[in-house]
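Novice: One-letter residues, chain by chain:
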Amino acid sequence: MSDTVNVAGSLRARLALTLIGSAAAIAVLLFFVVRTYAAQIAQSGQDNILEASVTSILDAATLRDGDVEVDFPYVAFSMLNTEADDRVFYAIWQDETLLSGYELLPVADAPDGGEIVHVSAQFDGASVRVATAARILVGANARNRVTVSVAQTQDALAGTLNKISRNVGLIGAGFFALSVLVASWATNTTIRPLERLTHSITRRGPKDLSPVARPVPLEMAPFVTSLNSFMARLDTSLKQSEDFIAEAAHRVRTPLATVRSHAEATLQRVEREDNRQALRSMVRAIDESSRAAGQLLDHAMITFRADHLETEPLDLVELVDDLVTRLAPVAEMKDIALTVVSEGVVMVEADSILLQNALRNLVENALKYAPGESEITLEVFATPQPRVEVRDEGPGFPPDQIQGLAARFSRGENAKDTIGSGLGLTIAQDVATAHGGEMTLTNLPEGGACVTFLL
Amino acid sequence: MRYIFALIAWLCPLMGAAEEWEDQNAFGPAAATTTLRVLSSTDTALFAPIIEDFLRSRPAVSVEYLVTGTAQIDEVFRAAPDEFDVVISSAMDLQLKLVNDGYSVPIETLSQPDWAQWRNSLFAFTTEPATIVINRVAFAPEAVPQTRQELIAAMRARPEVFRGKVGTYDVRKSGLGYLFATQDARASETFWRLMEVMGGLDARLYCCSGEMIDDLVSGDLMVAYNVLGSYVAAREDVAETLEIVLPSDFPTTMMRTAFVSSRTDVEAEAAAFVRHLVEVQTGPRNPDVFPLPPLSAAVDSAGQAVISLGPALMTYLDPLKRKRFIKEWSSAVIQ
Chain A
597 MSDTVNVAGS LRARLALTLI GSAAAIAVLL FFVVRTYAAQ IAQSGQDNIL
647 EASVTSILDA ATLRDGDVEV DFPYVAFSML NTEADDRVFY AIWQDETLLS
697 GYELLPVADA PDGGEIVHVS AQFDGASVRV ATAARILVGA NARNRVTVSV
747 AQTQDALAGT LNKISRNVGL IGAGFFALSV LVASWATNTT IRPLERLTHS
797 ITRRGPKDLS PVARPVPLEM APFVTSLNSF MARLDTSLKQ SEDFIAEAAH
847 RVRTPLATVR SHAEATLQRV EREDNRQALR SMVRAIDESS RAAGQLLDHA
897 MITFRADHLE TEPLDLVELV DDLVTRLAPV AEMKDIALTV VSEGVVMVEA
947 DSILLQNALR NLVENALKYA PGESEITLEV FATPQPRVEV RDEGPGFPPD
997 QIQGLAARFS RGENAKDTIG SGLGLTIAQD VATAHGGEMT LTNLPEGGAC
1047 VTFLL
Chain B
470 MRYIFALIAW LCPLMGAAEE WEDQNAFGPA AATTTLRVLS STDTALFAPI
520 IEDFLRSRPA VSVEYLVTGT AQIDEVFRAA PDEFDVVISS AMDLQLKLVN
570 DGYSVPIETL SQPDWAQWRN SLFAFTTEPA TIVINRVAFA PEAVPQTRQE
620 LIAAMRARPE VFRGKVGTYD VRKSGLGYLF ATQDARASET FWRLMEVMGG
670 LDARLYCCSG EMIDDLVSGD LMVAYNVLGS YVAAREDVAE TLEIVLPSDF
720 PTTMMRTAFV SSRTDVEAEA AAFVRHLVEV QTGPRNPDVF PLPPLSAAVD
770 SAGQAVISLG PALMTYLDPL KRKRFIKEWS SAVIQ
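So the protein sequences, as listed, match chains A and B.
Just so we're aligned: the first sequence equals residues 597 to 1051 in the working numbering.
Just so we're aligned: the second sequence equals residues 470 to 804 in the working numbering.
Among these hints, one or two may not hold up.
Claimed, not checked - Short derived list, chain A residues pointing at chain B, Cβ under 7 angstroms:
1. VAL666
2. LEU676
3. ASP681
4. ARG683
5. VAL684
6. ASP720
7. VAL941
What the hints assert, rightly or not - Pair ranges (Cβ atoms, derived):
8. B:PRO763 with A:THR632: 44 to 54 angstroms
9. B:ARG662 with A:ALA635: 48 to 58 angstroms
10. B:PRO763 with A:SER761: 32 to 42 angstroms
11. A:ALA754 with B:PRO763: 46 to 56 angstroms
12. A:ALA754 with B:ALA549: 29 to 39 angstroms
13. A:THR632 with B:GLN618: 49 to 59 angstroms
14. B:TRP661 with A:LEU626: 51 to 61 angstroms
15. B:ALA774 with A:ALA754: 29 to 39 angstroms
16. B:TRP661 with A:PRO707: 35 to 45 angstroms
Hints are computed from structural coordinates only; laboratory data are not their basis.
Virtual Cβ for every residue (Gly too), placed ideally from N, Cα, C.
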């Protein structure tokens, strides 16, 4: 019953991992999207200022006496002041000639209409953003194309971006932490009905195979339906096997008894010694079969009942006395004395049918191996735990096999001449285990076997 | 290589100088393992105490202090940036452009307020207003003018007293003079009227504050416009003769700035020198020992705003703008 379940994976872990994993993915995605968006906004902010600067310089360009003059305002550069003190570069070109500024500054091709072109470039070891615009000045006899570029390094922008990245990173981390909380809450809520079902089934009594009645979530309905129908089938099949055991016991034992009585009757009538010998062997074989069938059925019944113990308070001493009374005729036939030693009443909580069966098997075993005119003692103890010791004066257990004797169909080497199926000790052991007790086999120092049946 | 250069520079005065320095002084032991070459526009007398203070705890370091005009500093340094370790100048615009053009290294360990530094490379260490310096003789009975307007009125009223005896910077030669002039022109039209009046009185043009003060003391000048008051205050012999007027209509205040050359071989010492300079000038100190005016807040109690360190300073350095400004200035002053 306590077999370990074959576990592969965990629903809770899978659910939690899925939720947390997707939260992490969303947080990372959020970080990159917001950061990219913020970078675009910050860049467009710088572009706007560069644009204003270029425009103010270009607007100041005039033709005077055929010469281009660019008397640009102070504000053209002062507006480029940034927190990080970004470097400023500019170039003013008249057609292909540099009028002033930095000759090597990369200049984009700008259309004549004053439209502003923005490019990112490297200049003097720094990455710069360049805004360029051009304008045509028409003089008396020439067209002059004036191009103005203003560039600024991106330290302040990088600073802003770092700040934004840090904040977005913190928001992402916060979002993720919150998601983890929500995920663990969601996981627990989802798993709870499953735990509740497990709990309610675990708590059931041994014979309770009734269908699960309490409400379950929609997703669990098919499972619970299957479980219910499985339990119904199990219930039916258990009832059937109970019936079968009773039926089989009846059907096997009755004809065997009939055959035995016929054989005995025939034995009375035949005179020839070899025929009588054959009939005696037959009776002996029938006895063996009958006993084996009985024990097999006992064992089957115990196996079934052990799972569905029907315990009740009973007096162990009374039970032992009953047993001795019933087996006394058999003992007398072998001139064996059955003695019960006890101290008053020993109350135990046990299944009386099983207990009777187990003790009967132990005593029958003792009867089988004990020599004639010996004594079998059944001693009942109340402390420290209720137990029964069955002692005989037979040959005892073979010491090297004492561990495995209780196994099914195992018989001691010294039992070859004795009738037996090898199930007696197994039945007693199963009953002891079913009651949470144990059975131990020992040999007495003065000779003889001792079986301790502990509840 | 640098040491050979230093040696040549040392020997140059003996062999006939290749470079025309206004002043050239060596501080510290001759056997020093490290020599800092400081290119500066500030008179040695004003700077020597700071250098000596710097060298006191550094026995292995010596300083070669080279003085020249602000415009020459820009020229000399751009031509050979690897020959100098620290550049100090009062021409904020030229200094800022040098830093903008990548001639400096940041000093990460020095933290200054935003208005007193640019790119953590260019550090201000004084605040000095441009002043009107007057020889008291010219205004013996009359009231001393307190604004540019009053100065214009006074000069117009008594042209015979002032003819040939008014002076200002020649903005074509002096970087600081150009900075003051352009900032004045930006602030008010009064500047142009003043220049026209001075031009009408045959204004004398100077390269440096020192010469103007000399001529004021000797009586060759009665009024000098845009002189550094700090230079006058530093001279003990002139207090009786000269009066410093801080124009109350609008002030023009500059900051001396320093930076470490990006091509220096002794960055650590050069940075230490600038840090020491800033620390001396911003901390509590004895003005008798350190005569340079301290670095005070961007706006002082008199409401004086300093010229701010920013890319806008590059505006008037643009050749087109400069050409136009000089033309206008020349037509006003040189009549």
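Novice: Next step is simple, just say for each hint if it's right about the structure.
Specialist: Cross-check of the supplied hints:
1. VAL666: Holds: closest Cβ of chain B sits about 5 angstroms from A:VAL666, inside 7 angstroms.
2. LEU676: OK, holds: A:LEU676 within 7 angstroms of chain B, min 5 angstroms.
3. ASP681: 4 angstroms, holds
4. ARG683: Since the shortest Cβ distance to chain B is 5 angstroms, the answer is holds.
5. VAL684: 4 angstroms, holds
6. ASP720: Since the shortest Cβ distance to chain B is 5 angstroms, the answer is holds.
7. VAL941: Since chain B brings no Cβ nearer than about 96 angstroms to A:VAL941, farther than 7 angstroms, the hint is violated.
8. B:PRO763 with A:THR632: 44 to 54 angstroms: Once the Cβ atoms are compared, 48 angstroms apart, the range 44 to 54 angstroms for A:THR632 and B:PRO763 holds.
9. B:ARG662 with A:ALA635: 48 to 58 angstroms: 51 angstroms Cβ-Cβ, so the 48 to 58 angstroms window holds.
10. B:PRO763 with A:SER761: 32 to 42 angstroms: 41 angstroms, holds
11. A:ALA754 with B:PRO763: 46 to 56 angstroms: Roughly 35 angstroms apart at Cβ, these two residues miss the hinted range, so it is violated.
12. A:ALA754 with B:ALA549: 29 to 39 angstroms: Holds: the Cβ-Cβ distance is about 33 angstroms, inside 29 to 39 angstroms.
13. A:THR632 with B:GLN618: 49 to 59 angstroms: Cβ of A:THR632 to Cβ of B:GLN618: about 58 angstroms, so the range 49 to 59 angstroms holds.
14. B:TRP661 with A:LEU626: 51 to 61 angstroms: The hint (51 to 61 angstroms, Cβ to Cβ) holds, given that B:TRP661 and A:LEU626 are roughly 59 angstroms apart.
15. B:ALA774 with A:ALA754: 29 to 39 angstroms: Given range 29 to 39 angstroms: holds, Cβ gap about 30 angstroms.
16. B:TRP661 with A:PRO707: 35 to 45 angstroms: With Cβ atoms ~39 angstroms apart, the hint holds.
Checked against the numbered hints above, the structure violates hints 7 and 11; every other hint is satisfied.
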